[in-house]
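A.B. asks: One-letter residues, chain by chain:
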Amino acid sequence: MKAAVEFSRVARHFGAVRAVDDVDLSIAEGEFFAMLGPSGSGKTTCLRLIAGFDRPTSGDIAIFGQSMGNVPPYRRPVNTVFQDYALFPHLNVRDNVAYGLMIVGQNKKARRQAADEALELVALPGFGDRKPSQLSGGQRQRVALARALVMKPKVLLLDEPLGALDLKLREAMQDELKNLQRHLGITFVFVTHDQGEALSMADRVAVFNEGRIVQAGTPHDIYYRPETPFVADFVGSSNLLQPDLTERLGGGRVHAALRPEAIRLTEQGHAAQVVSQAFLGTATRLTLDMDGHRLTALVPKGDALPAVGDTVHLEWAPGDLHLMKAGA
Amino acid sequence: MTVLDNTTSPAPARGLFERLSDVLWRRPRLLVALLVLPPLAWLGIVYLGSLFALLVQSFFSIDEFSGQIRYELTLSTYAELFRAYNLDIILRTVAMAAAVTVAAAIVAFPIAYFAARYARGPMKALFYLGVMLPLWSSYLVKVYAWKLILAREGILNWAFESAGLSWLLNAYLSLPGVGGNSLSVSWTGTFLVFLYVWLPFMILPVQAALERVPPSMLEASGDLGAKPGQTLRHVLIPLALPGIIAGSIFTFSLTMGDYIVPQIVGTSARMIGQAVYQYQGTAGNIPLAAAFAVVPILIMGLYLWFAKRKGAFDAL
Chain A
1 MKAAVEFSRV
11 ARHFGAVRAV
21 DDVDLSIAEG
31 EFFAMLGPSG
41 SGKTTCLRLI
51 AGFDRPTSGD
61 IAIFGQSMGN
71 VPPYRRPVNT
81 VFQDYALFPH
91 LNVRDNVAYG
101 LMIVGQNKKA
111 RRQAADEALE
121 LVALPGFGDR
131 KPSQLSGGQR
141 QRVALARALV
151 MKPKVLLLDE
161 PLGALDLKLR
171 EAMQDELKNL
181 QRHLGITFVF
191 VTHDQGEALS
201 MADRVAVFNE
211 GRIVQAGTPH
221 DIYYRPETPF
231 VADFVGSSNL
241 LQPDLTERLG
251 GGRVHAALRP
261 EAIRLTEQGH
271 AAQVVSQAFL
281 GTATRLTLDM
291 DGHRLTALVP
301 KGDALPAVGD
311 TVHLEWAPGD
321 LHLMKAGA
Chain B
1 MTVLDNTTSP
11 APARGLFERL
21 SDVLWRRPRL
31 LVALLVLPPL
41 AWLGIVYLGS
51 LFALLVQSFF
61 SIDEFSGQIR
71 YELTLSTYAE
81 LFRAYNLDII
91 LRTVAMAAAV
101 TVAAAIVAFP
111 IAYFAARYAR
121 GPMKALFYLG
131 VMLPLWSSYL
141 VKVYAWKLIL
151 AREGILNWAF
161 ESAGLSWLLN
171 AYLSLPGVGG
181 NSLSVSWTGT
191 FLVFLYVWLP
201 FMILPVQAAL
211 ERVPPSMLEA
221 SGDLGAKPGQ
231 TLRHVLIPLA
241 LPGIIAGSIF
251 TFSLTMGDYI
261 VPQIVGTSAR
271 MIGQAVYQYQ
281 GTAGNIPLAA
291 AFAVVPILIM
301 GLYLWFAKRK
311 GAFDAL
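Sequence lines, in order, name chains A and B. Take the first sequence: its letters are residues 1 to 328, numbered as in our numbering. Take the second sequence: its letters are residues 1 to 316, numbered as in our numbering.
Just so you know, the hints here were simulated from the structure itself, not pulled from any lab data. Since the model is a prediction, treat every value here as computed from it, not as a measurement. Check the hints yourself; a few may be wrong.
Cut-off 27 Å, straight-line C-alpha distance, at most; resulting in silico cross-link-like pairs (DSSO-like, lysine-lysine) [claimed, not checked]:
id	chain 1	residue 1	chain 2	residue 2
1	B	K227	A	K109
2	B	K227	A	K108
3	B	K310	A	K109
4	A	K2	A	K109
5	A	K108	A	K154
Computed Cβ-Cβ distance ranges for the label pairs, DEER-style [what the hints assert, rightly or not]:
id	chain 1	residue 1	chain 2	residue 2	range
6	B	A119	A	A278	50 to 58 Å
7	A	S39	B	L135	41 to 49 Å
8	A	N70	B	G130	31 to 39 Å
We treat Cβ as the ideally placed atom computed from N, Cα and C, and that holds for glycine.
Generate the whole structure from the sequences, applying the supplied hints.
C.D. replies: Right under this line is the structure:
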């Protein structure tokens with residue numbers, strides 16, 4: 001099967017800045033693919049390269065096996081949901097959604113019907129006559145989604161589409177987007193800087209840093225098996241162990257990741273001091289000091305809690321200490 | 001303790017200005033009134049008042065025998081506007097203003113687009129300088145300079161001659177209506193000078209409108225399959241329309257009211273501005289001058305009403 005999107009040694013340089021640096025990437029058809037990274041890591045530039053708003057300095061991008069080297073955005077089988085939604089303020093919601101169909105010359109009745117169907121799909125029936133300025137942020141986001149989906153793209157590109165929404169709405173939209181993607185079977189390429197969003201929605205995640213992909217894999221792999229200290233740190237919540245500590249714990253002189261929930265308090269084991277504790281509801285988070293290294297552990301509800309200043313002993317299953325590659 | 005007293009009770013107002021500041025702080029509306037009153041008085045009395053006086057004048061008429069103004073309300077002066085030679089003046093002026101406006105919009109758009117989308121830093125400063133610089137020199141000087149440029153002995157003629165294209169210029173000048181003895185005494189000449197002197201008034205508002213169009217809007221259009229030409233037609237021009245309309249208000253009304261350019265460059269046929277100037281001056285027919293002056297106001301009003309109905313300001 002051909003990949004939906006394939007990057008072959010793609011680079012995009014802006015003067016001396018290597019926004020995208022030698023990226024190889026393959027996104028399968030029907031996949032929900034997330035590009036995760038801090039701002040300036042090259043993830044948005046990659047998205048723009050797929051859409052055709054920008055062209056690679058070197059390398060090639062293929063969509064369903066077709067090289068996009070000389071294909072302008074208006075001839076690519078992809079559509080984009082923009083971060084700022086980019087709805088046309090002079091058109092009402094229906095005409096916004098029907099814009100692409102109007103451009104390809106569909107007649108008025110057909111495109112009106114298609115637009116209303118698309119609005120129904122994103123749970124905005126009856127909103128066709130309003131102006132974008134009369135909608136809330138979440139509604140605008142849905143209109144932008146409908147406007148892209150009505151074109152039946154082979155690949156849908158989403159540039160931080162949930163970034164401007166408040167937390168509750170964001171969580172609801174995450175579920176809806178995921179369901180929509182399953183339902184439609186379209187390949188989604190989703191750019192975000194929110195690791196929670198990427199891990200919860202995507203089938204596969206690529207973590208970007210300084211223009212390169214540092215790790216690509218399932219959310220499970222990214223979370224449990226970070227390959228570099230950067231991934232462990234950015235995806236967060238894992239304890240990142242420095243090489244000297246890993247060595248002392250019997251793991252060799254490399255960085256290692258240790259999940260807080262993998263740490264158990266026991267009678268013997270590695271000694272550490274409790275620095276502070278925070279009540280989280282289902283568990284209590286302990287901040288520990290192990291010979292000058294900070295560690296976080298989770299104590300499940302109901303377990304005995306040590307006091308701040310106490311010395312505790314730590315243990316974990318051998319497989320829970322995830323060793324990274326040397327030099328990573 | 002006295003030190004404590006100083007920190008807890010407010011310091012008393014000292015001096016007239018501080019007390020005045022206190023009063024204004026307590027009554028914010030007074031401050032707004034003080035700020036607004038002088039300009040409002042100027043606008044209301046001097047500006048609109050004189051306009052109203054003009055309007056009233058246009059409803060009087062002139063006694064054809066004595067040349068005295070009859071202070072009775074009548075529409076007869078307006079009826080006079082519809083006499084063939086007066087109607088000619090109006091139609092000629094409106095046609096010229098429309099031509100200048102359309103040409104200014106066409107010439108200004110690419111310049112404004114470049115400035116809004118691509119010019120940064122020093123380039124942008126250069127753009128503003130280039131657009132504004134002509135406004136800093138006297139309008140009369142510019143018009144006379146153009147007269148020299150367009151004259152038969154002028155540089156334009158010379159350029160055509162040097163390029164061996166005199167025949168082309170002469171063929172154009174022999175066309176009825178737009179042609180003449182030389183460019184400087186033709187309607188084409190008047191048009192060129194108008195286009196030149198009013199162009200900045202079109203460039204600046206169009207540039208301001210284009211500046212507010214986010215680049216993602218154009219990308220979205222392309223993303224949805226629109227070729228650049230379609231994006232221009234369906235997105236860029238509609239979004240720039242308020243700016244184009246604002247610019248056209250300037251170019252259209254300035255052209256309609258002007259009486260100097262057509263006097264210096266152009267034919268002997270008059271435009272509205274010249275008619276107003278002559279009727280209120282040498283001819284002493286203030287009512288007719290006033291009636292003529294009302295014409296551009298009416299046309300602009302109609303134009304704006306029509307533009308609004310067509311949705312030109314929807315993107316505002």
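A.B. asks: Hint by hint, say whether it matches the structure.
C.D. replies: Going down the list of hints, with the structure as the test:
1. K227(B) with K109(A): Distance ~23 Å between K227(B) and K109(A) Cα, so the pair holds.
2. K227(B) with K108(A): 20 Å, holds
3. K310(B) with K109(A): Distance of about 23 Å is within 27 Å: holds.
4. K2(A) with K109(A): 36 Å, violated
5. K108(A) with K154(A): 24 Å, holds
6. A119(B) with A278(A): 50 to 58 Å: 53 Å, holds
7. S39(A) with L135(B): 41 to 49 Å: The hinted range 41 to 49 Å holds for S39(A) and L135(B), with Cβ atoms some 42 Å apart.
8. N70(A) with G130(B): 31 to 39 Å: For N70(A) and G130(B) the Cβ distance comes to about 36 Å; the hint holds.
When the structure is compared with the earlier hints, a violation turns up for hint 4 alone.
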